[in-house]
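Protein chains in written order, with the UniProt record's numbering: chain D, 1 to 227; chain R, 1 to 235; chain L, 1 to 43; chain B, 1 to 248.
Calculated directly from the structure, the hints in this document are not laboratory data. A couple of the hints might just be wrong.
Okay, derived cross-link-like pairs now, PhoX-like style, lysine-lysine, Cα gap no bigger than 25 Å in a straight line [said to hold, decoys possible]:
hint, chain 1, residue 1, chain 2, residue 2
1, L, Lys25, B, Lys85
2, R, Lys14, B, Lys85
3, L, Lys31, B, Lys239
4, R, Lys14, B, Lys153
5, R, Lys217, D, Lys6
6, L, Lys28, B, Lys241
7, B, Lys153, R, Lys66
8, R, Lys67, L, Lys28
9, B, Lys85, R, Lys66
10, R, Lys14, B, Lys241
11, R, Lys207, B, Lys232
12, B, Lys153, R, Lys52
13, R, Lys6, B, Lys83
Derived DEER-like restraints, expressed as beta-carbon distance ranges [claimed, not checked]:
hint, chain 1, residue 1, chain 2, residue 2, range
14, R, Phe122, D, Val132, 49 to 57 Å
15, D, Ile219, B, Ala30, 43 to 51 Å
16, B, Leu78, R, Asp21, 42 to 50 Å
17, R, Ser116, B, Asp148, 38 to 46 Å
Here a beta-carbon is modelled for each residue, glycine too, at the ideal position from N, C-alpha and C.
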Amino acid sequence: MSGFFKNAFLIAKKDLYSELRTRQVLGTMIIFSGLVILVFSFAFDPAQNTTKAVIPGVIWVIIVFSGILGLNRSFISEQRNDTMQALLISPMDPSSIYFGKLLANFTMILIVELVSVPFLFLLFDFHSIGSVGYFLLVLFLGSFGFISIGTFLAALAANSKSSEMLLPLLLFPVTSPILIGAVQATKIILSNIEKLPDAVAWMQLIGAYDVIFFVLCLILVEYVMEV
Amino acid sequence: MIVARKLTKQADDKFILRGIDLEINKGETVAILGPNGAGKSTLLKVLATLIKPTSGLVSIKGLEMKKSQHEIRKLLGYLPHSSFLYDHFTPLENLVFYGAAYGMDHIEEKAVSLISSVGLSFFLNEPVKNFSRGMVQRVAIARAIIHDPEVLLLDEPHTGLDQGAADTLNSVILTMKEKGTTTLMVTHDFKQAAEICERAVVIKNGKLIANFCLNGKDVNFLHSKYTELVEGGAS
Amino acid sequence: MTYLVVAYSIVWLIMFGYIYSLGKKQTKLLKEIEFLKEMENEH
Amino acid sequence: MEACAEKEKVPVFFERKSSLEKALFIGAAAGLLISFYLIFIWSPIEKTMGLVQKIFYIHVASASTAFIAFFIVFVFSLLFIIKRKRIFDTYAKVSAEIGLVLTTIVLTTGPIWAKSSWNTWWAWEPRLTTTLILWFIYMAYFMIRQMDGVWEKKARLAAVFGMIGFIDVPIVFFSIRWWQSKFHPIVFGAGPSQQGGGVDERMLVTLLVTIFAVLLLYGYLLLKGVALEGMKITLNHRKEKIRERLIQ
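Build out the structure end to end from the sequences listed, making use of the hints.
Here's what the structure looks like:
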């Protein structure tokens, strides 16, 4: 069991270090999230008060679309020189490889959120977060669920030649409960904090989804990574 | 050391391996010869636990592959066509990562000494992407043996190598052999095969058609024997 | 009333479309089998 | 000798007609005819929605059969992952195909019904939305199957996704239902459950007969599709044999 975590951390460390070296993915994700904010400022007039209502949606659009950029690279980057095969024939379990990749992707999406969410609030002049703690919690839960199933499906899609196109088609329908729940919970927390019990109920739904699919992915990932 | 029984591999309806029986003793160096598309690389991939055979049994060091894959993987060093290296990492970083993946201790010192033994001490901290083909292959060799494997599986290791790199590879194989390592080598290079291998097996059309000793025989013997087997219509 | 007719015609269109595609697949396969048999008889 | 024996086998395999398949065909045809009679002539016209309500029977029957089809996909996917037998993969594939066709029927009849009774083409109503997501999930399932590569790999990946997708369905339904009821309460009495105890007995009988008929049709199509897939596999197998013989 300790080997599982040791190997997962090894993979995560390798991926993040590799990202530090090349600075390809994270930079692209952050710039992309900035562009999403820019496009939304055209689509919804930031000066109008009603625009506040779309902010929860914009946050999750940023996470989903920049997240998918990172997820796409996560396994494709292992195809150069067939390093994925090297990982598979090593004594590491496929599940620990999956968990390591998950940790690396999750760290990256958290960094993107850390940069882009304050930026969004700043640009849209939004400064009335109902509860910072709950807001961070819902970001954490939603991102974890999205990234955990996303990493799994990225491993699945990596078997295809056109995996960049395949991944969104697989990922979006499957993660729809997370997206619904996360947007609703964020909306309540940001603008309607007196309805907090509803938001908590949504977070419980996301939490249940996270647990079910994380466990399922750990079990099934072995069948996805066979050559 | 390595025992394969009735090994078959099928991809869609094509048979790539059609019942291979192979037995290799500890410490032997064996060449696998055969025409293109005969299934040599596939056999090596099956032995390297990379792909599952359709049917048949493999056991390595008495361990059955299906049951104790994890233990077997620790024993194997596999060097395929692709380098298995991360381009933007230095040789040292690559070796340290793989050493850790195999659960080795004192990886750093081991990696440094391995890199100098393949003659790349000067390039210890240079990213692999700037390397030439021969240099990459040297690092790839070091990567394959970072965890002191007991079985070495090499897929055309001499292709594209300059004389210096080929000599390095041969000396690595011979040093490993002294430590009791079993080596299985797919090759097209008869000269190298005759030089370092004790035994040769010939595979054609997914079947093992010959198995003979090479001790003390020279390239010409191997060449004529191979031509007779493969082109002489024996199948 | 028109909606009802439209709905049921679409249902049957989809159904028959699917069954038709299965039938086409079958004829194609049978044709290939005939061809294959001839090939085998020649050898 | 070996080749000879197989030559004998071919016609037997291809020209065999399963009696179960025949029975299902007759059953499905008869069932659909009876359900037609029941829907259009026998069952009463609903008071508030009028004639259009009769869409409901085929709509619900297709939806429930589609759901069963996807459940069968799940079961055979699981079996395939455990046993790795090709027949399980074939069943999963064909069942998903039929499920997708039935879901398409649900998604086309749904809006027509919505337009006629609520005067809007699409309502983000829980069942309809769930069905739409279901449709997307199984479209994605077929995208996986269209990958290039050996069948074994495609089957394995599709099986994994077939399981993930099916386990997702209840969560999707639950979340959408919640989303709808909290923010857009359902005003329209959609679906059978909202009609509660007030359903006419004849309507219930008609619905059950229609569901049964569509189920029989599903069974027939499943067997037929599997037989065709089996034919294709054997055909490719024999083609490969001949190719080999020509090379040697």
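Cross-check of the supplied hints:
Restraint check for Lys25/L and Lys85/B: satisfied, since their Cα atoms lie roughly 24 Å apart, inside the 25 Å limit. Distance restraint check for Lys14/R and Lys85/B: the Cα-Cα separation of roughly 17 Å lies within the 25 Å cut-off, and the hinted pair is therefore satisfied. For a cut-off of 25 Å, the pair hint linking Lys31/L to Lys239/B stands: about 13 Å separates their Cα positions. Between Lys14/R and Lys153/B the CA atoms are separated by roughly 15 Å; this keeps the pair inside 25 Å, and the hint holds.
Under the criterion of a C-alpha separation no larger than 25 Å, the hint pairing Lys217/R with Lys6/D is inconsistent with the structure, at around 49 Å. As the CA atoms of Lys28/L and Lys241/B are separated by approximately 20 Å, the hinted pair is consistent with the 25 Å bound. For the suggested pair Lys153/B and Lys66/R, the alpha carbons sit about 19 Å apart, so the restraint of at most 25 Å is met. Taking the CA atoms of Lys67/R and Lys28/L, the gap is about 45 Å. The hint is violated against a cut of 25 Å.
With a C-alpha separation of about 18 Å, the suggested pair Lys85/B and Lys66/R falls inside the 25 Å cut-off, and the hint holds. A C-alpha spacing of about 9 Å is found between Lys14/R and Lys241/B, which places the hinted pair at or below 25 Å, so the restraint holds. Taken as a hint, the Lys207/R and Lys232/B pair is broken in the structure, with Cα atoms around 28 Å apart against an allowance of 25 Å. The straight-line distance between the Cα atoms of Lys153/B and Lys52/R is roughly 12 Å, inside the 25 Å bound, and the hint therefore holds.
A C-alpha spacing of about 21 Å is found between Lys6/R and Lys83/B, which places the hinted pair at or below 25 Å, so the restraint holds. Distance hint check for Phe122/R and Val132/D: the Cβ-Cβ separation is about 53 Å, which falls inside the suggested range of 49 to 57 Å. Taking 43 to 51 Å as the suggested C-beta distance range, the pair Ile219/D and Ala30/B conforms, at roughly 44 Å. At about 35 Å, the beta-carbon gap between Leu78/B and Asp21/R misses the expected band of 42 to 50 Å.
Between Ser116/R and Asp148/B the Cβ separation comes to about 44 Å, which falls inside the hinted range of 38 to 46 Å.
Violated hints, listed in ascending order, are 5, 8, 11, 16; each of the other numbered hints is respected by the structure.
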